[in-house]
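Protein chains: 2
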Amino acid sequence: MATSGSKCRACKAPAVIDLPRHNANFCADHFLQLCRRQVDKAIDDYDMFDRSDRLLVAVSGGKDSLAIWDLLVEAGYQADGFYVGLGIGDYSDESRAYVERFAASRSLHLVTVDLRDDYGYDVPTAARAAKRKPCSACGLSKRHLFDRAAREGGYDVVVTGHNLDDEAAVLLGNVLRWDIEYLARQLPVLPAANGFPKKAKPLVRLTERETAAWCLLRGIDYLVEECPMSSGNRHLHHKNTLNAIEQASPSSKSAFYLNFIDKMAPLLASQSAAASGDVHDCEQCGSPTTTELCAFCRLVDTASAHEPVPVELVLGRRGRR
Amino acid sequence: MATSGSKCRACKAPAVIDLPRHNANFCADHFLQLCRRQVDKAIDDYDMFDRSDRLLVAVSGGKDSLAIWDLLVEAGYQADGFYVGLGIGDYSDESRAYVERFAASRSLHLVTVDLRDDYGYDVPTAARAAKRKPCSACGLSKRHLFDRAAREGGYDVVVTGHNLDDEAAVLLGNVLRWDIEYLARQLPVLPAANGFPKKAKPLVRLTERETAAWCLLRGIDYLVEECPMSSGNRHLHHKNTLNAIEQASPSSKSAFYLNFIDKMAPLLASQSAAASGDVHDCEQCGSPTTTELCAFCRLVDTASAHEPVPVELVLGRRGRR
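Protein chains in written order, with this note's numbering: chain A, 11 to 331; chain B, 11 to 331.
This is chain A alone, in the form it adopts within the complex (with noise of 0.2 angstroms):
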């Protein structure tokens, strides 16, 4: 990853990565270090948790997730994984099983729940029974359940594995409609309310290539698979937008989501719509909502009734490659 001969910047040791955006290369050791102290850098600067917090990381078997389970207990947090199968096919079984094998060989706490199993549905058949997007469908769930199992396993933050990437191109999808309300909601930490818990993104100072590295030096094996459903989906477009622009000029990426929270954010922050509205227990699962079931148990209820649909049926020409 680093062209041949070049040294790290800090002990001039071989160097294994270069990061333009740092412009500089690291050996292994003084990456790690570098990737550690950006994420302390974010737990810190957003105020996110300390070591008396019980979090809860959402885990995908992908490496953004792992990397950041894997930092969290190595830094002393007191961090439980929490999977949700979500029935995409041979997808979602070997992300399981990275998950577990993961998780087994740390000896770390892993929740899991399963919408088939657990809920009666999983996403292919949720997408088709609901008219939804595929990502929509998922993400409903996931916020759900993340949610819920925090409530229900008294952690005390909700942890998300969402990298600079994955941030940078939200925002720069937000901002091209300009869509004030999702913009002033686009924070590193969203404190608890209205009996949602606190919500934190410790990896938004690192991209994904650079998590990808730390998986590979700290011998974590991931799932490197995208999810066959999202192929084509705008999201990864923005990213590869902003990729070209980081190419031609490095650290835009960076400066581009980080300055927003430093100087836009704050502007934002009255125009987010205390959307709470008048909130109240869901009926059927108990989950705070405003409406008389949450839109979880209305997914539940639409897609369970449903025939299951195989994933194949839904992946659009895009998604078969």
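No lab work stands behind these hints, which were simulated from the structure alone. All the given hints hold, so there is nothing to weed out.
Identical chains blur together in the list; that is why a pair holds if it fits in one copy or across any two.
Derived lysine to aspartate or glutamate pairs resembling EDC-like cross-links, with alpha carbons at most 20 angstroms apart:
id, residue 1, residue 2
1, Lys-249, Glu-235
2, Lys-152, Asp-127
3, Lys-273, Asp-189
4, Lys-51, Asp-272
5, Lys-208, Asp-157
6, Lys-273, Glu-191
7, Lys-208, Asp-54
8, Lys-152, Glu-104
9, Lys-17, Asp-39
10, Lys-208, Asp-90
11, Lys-143, Glu-322
With the hints as your guide, set chain B onto chain A.
Positioned in the frame of chain A, the structure of chain B alone reads:
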């Protein structure tokens, strides 16, 4: 420009142009009508000027400035032209010829200034002498001369031909850095203030493809070549980025710019630093400034004392092609 056999949305006659962002094709007459309406809408929505105002239109010989001059005169506005000879080799000689032919063919009044003849320097020399980028030396010179010409000629508004592509590209650059003060000032109209004239950009609702088509259909001969000194600059990269986004998702570009003006600019209005400071008259030229000598007079002093630099010497590798 339209696919063969396509029909005008308004009259079903054979179309001459397709506009994916409007999801429609148009015949020549209805395309020209669309352009007029978009310009009328910009003038009205942003309260730019009316037919009692004397307008000074900054013209370069390119499609945008000749199109807006044509549109304004056709619509009955009092619009004179203003041309600045920048001394950028053959490019400037040609651009001047296009402007003069256009003005002469329609018996329009054209005010001209020449940097070399009137101020003893040109853009390539200024760039070298002041160690500025050529686009920076050029922009400073033009802004000053537009303002001064408006003041001395008793014009109410300076009109420039910035189109949707220009404004969206500048917006993208400002957003990538979250330069709040620049964002707050990026408006289609700036009121007169501190001795500076009102400024308006009536083409912000038309793309450069549309202004080119306007010229083509109206028989306006314009300089197609871009300024050789601008080649490879970041503004062009941002235009390409937005074109790729537009290609994947038509009307993204106009949504990006127009939603910014509608939804974001009002939130930023209070953020525009009252940069006025202590404004007084420049000791040398009498223009409003916060320093003893205004930035233009300082540039004139430096650049006019420097031996003339031929344009070829200042062109970067990318500029030479």
